[in-house]
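A.B. asks: So you can see what is in the structure, the chains are spelled out below.
2 protein chains.
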Amino acid sequence: MELDLIRRLSQPASTKVVLCVLDGLGGLPGPRGRTELEEANTLNLDRLTEEGCLGRTLPVGYGITPGSGPGHIGLFGYDPLVYEIGRGALEGTGIGFDLGPNDIAARGNLCDLDAGGLVTDRRAGRLPTAETTEVCALLRQITLPGVELFVEPVQDQRFVLVLRGEGLSDQLTETDPQREGVPPIVATATAPAGERTAGLVREWVERATALLAGRARGNGVLLRGWSGRPDMPPFPELWKLRAAAVTVYPMYRGVAKLCGMDSIEGAHTLSEQIDLMKQHWDEYDFFFLHYKYTDSAGEDGDFARKQDAIAQFDQAIPAILALKPNVLVVTGDHSTPASMAAHSFHPVPLLLWGDLVRTDHMHQFSERNCAHGEIGTILAKDVMPLAFAHAGRLAKYGA
Amino acid sequence: MELDLIRRLSQPASTKVVLCVLDGLGGLPGPRGRTELEEANTLNLDRLTEEGCLGRTLPVGYGITPGSGPGHIGLFGYDPLVYEIGRGALEGTGIGFDLGPNDIAARGNLCDLDAGGLVTDRRAGRLPTAETTEVCALLRQITLPGVELFVEPVQDQRFVLVLRGEGLSDQLTETDPQREGVPPIVATATAPAGERTAGLVREWVERATALLAGRARGNGVLLRGWSGRPDMPPFPELWKLRAAAVTVYPMYRGVAKLCGMDSIEGAHTLSEQIDLMKQHWDEYDFFFLHYKYTDSAGEDGDFARKQDAIAQFDQAIPAILALKPNVLVVTGDHSTPASMAAHSFHPVPLLLWGDLVRTDHMHQFSERNCAHGEIGTILAKDVMPLAFAHAGRLAKYGA
Numbered sequence: 002m003e004l005d006l007i008r009r010l011s012q013p014a015s016t017k018v019v020l021c022v023l024d025g026l027g028g029l030p031g032p033r034g035r036t037e038l039e040e041a042n043t044l045n046l047d048r049l050t051e052e053g054c055l056g057r058t059l060p061v062g063y064g065i066t067p068g069s070g071p072g073h074i075g076l077f078g079y080d081p082l083v084y085e086i087g088r089g090a091l092e093g094t095g096i097g098f099d100l101g102p103n104d105i106a107a108r109g110n111l112c113d114l115d116a117g118g119l120v121t122d123r124r125a126g127r128l129p130t131a132e133t134t135e136v137c138a139l140l141r142q143i144t145l146p147g148v149e150l151f152v153e154p155v156q157d158q159r160f161v162l163v164l165r166g167e168g169l170s171d172q173l174t175e176t177d178p179q180r181e182g183v184p185p186i187v188a189t190a191t192a193p194a195g196e197r198t199a200g201l202v203r204e205w206v207e208r209a210t211a212l213l214a215g216r217a218r219g220n221g222v223l224l225r226g227w228s229g230r231p232d233m234p235p236f237p238e239l240w241k242l243r244a245a246a247v248t249v250y251p252m253y254r255g256v257a258k259l260c261g262m263d264s265i266e267g268a269h270t271l272s273e274q275i276d277l278m279k280q281h282w283d284e285y286d287f288f289f290l291h292y293k294y295t296d297s298a299g300e301d302g303d304f305a306r307k308q309d310a311i312a313q314f315d316q317a318i319p320a321i322l323a324l325k326p327n328v329l330v331v332t333g334d335h336s337t338p339a340s341m342a343a344h345s346f347h348p349v350p351l352l353l354w355g356d357l358v359r360t361d362h363m364h365q366f367s368e369r370n371c372a373h374g375e376i377g378t379i380l381a382k383d384v385m386p387l388a389f390a391h392a393g394r395l396a397k398y399g400a
Numbered sequence: 002m003e004l005d006l007i008r009r010l011s012q013p014a015s016t017k018v019v020l021c022v023l024d025g026l027g028g029l030p031g032p033r034g035r036t037e038l039e040e041a042n043t044l045n046l047d048r049l050t051e052e053g054c055l056g057r058t059l060p061v062g063y064g065i066t067p068g069s070g071p072g073h074i075g076l077f078g079y080d081p082l083v084y085e086i087g088r089g090a091l092e093g094t095g096i097g098f099d100l101g102p103n104d105i106a107a108r109g110n111l112c113d114l115d116a117g118g119l120v121t122d123r124r125a126g127r128l129p130t131a132e133t134t135e136v137c138a139l140l141r142q143i144t145l146p147g148v149e150l151f152v153e154p155v156q157d158q159r160f161v162l163v164l165r166g167e168g169l170s171d172q173l174t175e176t177d178p179q180r181e182g183v184p185p186i187v188a189t190a191t192a193p194a195g196e197r198t199a200g201l202v203r204e205w206v207e208r209a210t211a212l213l214a215g216r217a218r219g220n221g222v223l224l225r226g227w228s229g230r231p232d233m234p235p236f237p238e239l240w241k242l243r244a245a246a247v248t249v250y251p252m253y254r255g256v257a258k259l260c261g262m263d264s265i266e267g268a269h270t271l272s273e274q275i276d277l278m279k280q281h282w283d284e285y286d287f288f289f290l291h292y293k294y295t296d297s298a299g300e301d302g303d304f305a306r307k308q309d310a311i312a313q314f315d316q317a318i319p320a321i322l323a324l325k326p327n328v329l330v331v332t333g334d335h336s337t338p339a340s341m342a343a344h345s346f347h348p349v350p351l352l353l354w355g356d357l358v359r360t361d362h363m364h365q366f367s368e369r370n371c372a373h374g375e376i377g378t379i380l381a382k383d384v385m386p387l388a389f390a391h392a393g394r395l396a397k398y399g400a
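One line per chain: the protein sequences are A and B, in this order.
First residue of the first sequence: 2, per the numbering used here; consecutive thereafter.
First residue of the second sequence: 2, per the numbering used here; consecutive thereafter.
Chain A extracted, bound-state conformation (with noise of 0.2 Å):
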């Protein structure tokens, strides 16, 4: 109904909003009491902040640790209650496989079983991704029937199997069991309308499992993150405007795509994606911007890294601002705190700059300041509306 309420109020317009995502922005005290993002030099985030406002979003609610996906469809404006990304359907949008409404996807990993069928190593000591490549060629020998079927490599030891065909479900038991010392989990229903893709999976992972017997590394396959395409209404559609993201790493071009935005491919840095956002500047209205290295570095318990990450990014806003965005917005898809070395629950801090804000005197873009910030602590699916507010693209409700 939310969205129905958007589709009804968008509307048309010449101005530009930005959205920086600095993925994991969000962060815990360190040793001197202040956060990574507090303890980062910030000098024009700073000057952003003495001149828009600041808030909190949570991801999807209240003590809620959001992975990617959800975080980020927040963050697009769509409930991560409604409308659900399997870690299969990002992993294979990401590398460009472009998913069917038939099919359904699995991550998966090549790893390293014992004599006895243990898993000694889930990611086959991160197998090149030149071999995964070799080995995918191999496994695409397996047919099934009445299923079509497709294995492409990702990364490293990281490889997609979809299946395509009709009557397929993601209700069934993914097959790597997390650790090691233990066998492959035997995919099983988890529903009546899974029992024929497990019947399927379970043919598929013995066949792959013969073909590879004999490797020194990367005898085993594990399948986990079972899901098809989500049907999320585009959002260049609800919004009338053209969208486009510029990131480096697929799985969040991946997610973009899934939600309808077109991908500008091409950047391995920052610089090189503000380049091309600079490139295509007159052929959108939207850029989502996607900058990784906060959250890299959270997962590594790396504070300092983190705070590094983020001084980095600093850097880049005045070349963002060159651009001439009327409305821009820095904020995360959660928080990692480089003490938890996780994604956290953490309500993750916002910026919103442009014409129309009422400004809060803030001068510090910090966890702290933006709990006191003029926005509020609001649901990171409300972040979209408010900044498409402030850029004149929502049209009054009602007379």
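Since the hints were derived computationally from the structure, they do not count as laboratory data.
Cβ coordinates follow ideal geometry from the N, Cα and C atoms, glycine included.
Keep in mind that the hints are not guaranteed to be accurate.
What the hints assert, rightly or not - FRET-style restraints, in silico, Cβ to Cβ:
| hint | chain 1 | residue 1 | chain 2 | residue 2 | range |
| --- | --- | --- | --- | --- | --- |
| 1 | A | P319 | B | P193 | 52 to 58 Å |
| 2 | A | S272 | B | G34 | 32 to 38 Å |
| 3 | B | I186 | A | D80 | 33 to 39 Å |
| 4 | A | S272 | B | G377 | 49 to 55 Å |
| 5 | B | G399 | A | E284 | 44 to 50 Å |
To be verified - With a Cα cut of at most 20 Å, we get these calculated EDC-like pairs of lysine to aspartate or glutamate:
| hint | chain 1 | residue 1 | chain 2 | residue 2 |
| --- | --- | --- | --- | --- |
| 6 | A | K17 | A | D80 |
| 7 | A | K397 | B | D301 |
| 8 | A | K397 | B | D80 |
Claimed, not checked - Counterexamples of contact, computed for chain B against chain A with all Cβ distances above 12 Å:
| hint | residue |
| --- | --- |
| 9 | P30 |
| 10 | R57 |
| 11 | T66 |
| 12 | I74 |
| 13 | E92 |
| 14 | A138 |
| 15 | F151 |
| 16 | T174 |
| 17 | A190 |
| 18 | S297 |
| 19 | D301 |
| 20 | P319 |
| 21 | A320 |
| 22 | H344 |
| 23 | P348 |
| 24 | T360 |
Using the hints, position chain B against chain A.
C.D. replies: Frame of chain A, contents of chain B only:
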């Protein structure tokens, strides 16, 4: 469901609640960095602030700019996304037209058309009300098969057209093109249910235009805001009390009456409104007092006049307090920042004063203090439950 809870918990009491709506109250910082409210001389409101508590309302939701209908519906405790009042229904009810369940109303403008049928002035030079009244009498000559027709003057060039009959629908286009230099839009069904109504309206417009041909000004009609009577549970029944609206402008009286409130009429100024409240104080438990001039000044982009309008209202506070209400609410139906010269989506200042208030020790009624007030940022529909709770009019939920 929420209204069911209200119906279940509301209880009679001898307390009195006054809701003061300063239309379009919320603003944005002006040249000196402060909003209209922050610049205004509000000694009395500031005293209420010291004794009461502050917060903010979201009329509909984040980023959503409300019209007057949803803005008031929300303040009266109804979810404006569930209960929609169209402009035609509002305008009709506002002039005391008792809109029935088989009625479809439109807000009409007399306009100027040139020889080629193009709109040259959408408001016919704001034709005097007396002349519009004569034109309406003329237009009442038109009859159409199977429907009863009402043409009622409102103010200046504005009138209301009501079609009464079985099977009518509001699913047709407006005929007002919203700009000049183009012809009126031909009424067209937007869904099959609207076909018959659209046909009737096309014929009515054709005959009206023929009747008005030759007039120097106001030789055409423009219709918009097609709508029927919304089906709202009556406010007095929900809250088990007697409720009255004291307004100067018809539209706000109209929305209050659609919600089942009585209207105490005859006031042309704020002090007359308060006199009327005083005269009828014993007959009602709840008074809705509407103050228009904050919005008019905001819509005109006149920062200083909006500031003055707020200060003028402030002067009336002692007279309202002299009535000895138990709970007094001062808020707006939406923001109308002078810098935007339009309704906006920004949260609206809220002041709640009464015996049971948890004071927050703020000293000035301002957007900034409201953002940090005791109440927080709430949906407008939660204002009435809060006000009546403070008035001892909501029983405990559960044992």
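A.B. asks: Could you let me know if the closest chain A CB is still more than 12 Å away from the CB of R57 of chain B?
C.D. replies: violated (8 Å)
A.B. asks: Minimum C-beta separation from T174 of chain B to chain A exceeding 12 Å: can you confirm that?
C.D. replies: For T174 of chain B, whose nearest Cβ neighbour in chain A is about 15 Å away, the distance exceeds 12 Å, so it holds.
A.B. asks: Honestly, do S272 of chain A and G377 of chain B meet the 49 to 55 Å range at C-beta?
C.D. replies: With Cβ atoms ~41 Å apart, the hint is violated.
A.B. asks: If you draw a straight line from the CA of K17 of chain A to the CA of D80 of chain A, is it 20 Å or shorter?
C.D. replies: Distance of about 24 Å is beyond 20 Å: violated.
A.B. asks: Range hint 33 to 39 Å: satisfied by the CB atoms of I186 of chain B and D80 of chain A?
C.D. replies: holds (36 Å)
A.B. asks: Test the statement that A190 of chain B is away from the interface with chain A: the closest C-beta pair must be farther apart than 12 Å.
C.D. replies: holds (18 Å)
A.B. asks: Within 20 Å, alpha carbon to alpha carbon, are K397 of chain A and D80 of chain B?
C.D. replies: holds (16 Å)
A.B. asks: Determine whether the non-interface label on P348 of chain B survives the test: each CB of chain A must be over 12 Å from its CB.
C.D. replies: violated (8 Å)
A.B. asks: So A138 of chain B supposedly isn't at the interface. Is its beta-carbon more than 12 Å from every beta-carbon in chain A?
C.D. replies: A138 of chain B clear of chain A: closest Cβ-Cβ about 26 Å, beyond 12 Å.
A.B. asks: Is the distance from the Cβ of S272 of chain A to the Cβ of G34 of chain B consistent with 32 to 38 Å?
C.D. replies: holds (35 Å)
A.B. asks: Taking only the CA atoms, is the gap from K397 of chain A to D301 of chain B under or equal to 20 Å?
C.D. replies: This hinted pair holds, its Cα atoms lying about 17 Å apart.
A.B. asks: Are all C-beta atoms of chain A more than 12 Å from that of P319 of chain B?
C.D. replies: P319 of chain B clear of chain A: closest Cβ-Cβ about 30 Å, beyond 12 Å.
Figure legend: structure checked against the earlier numbered hints; hints not met, in rising order: 4, 5, 6, 9, 10, 11, 12, 13, 22, 23.
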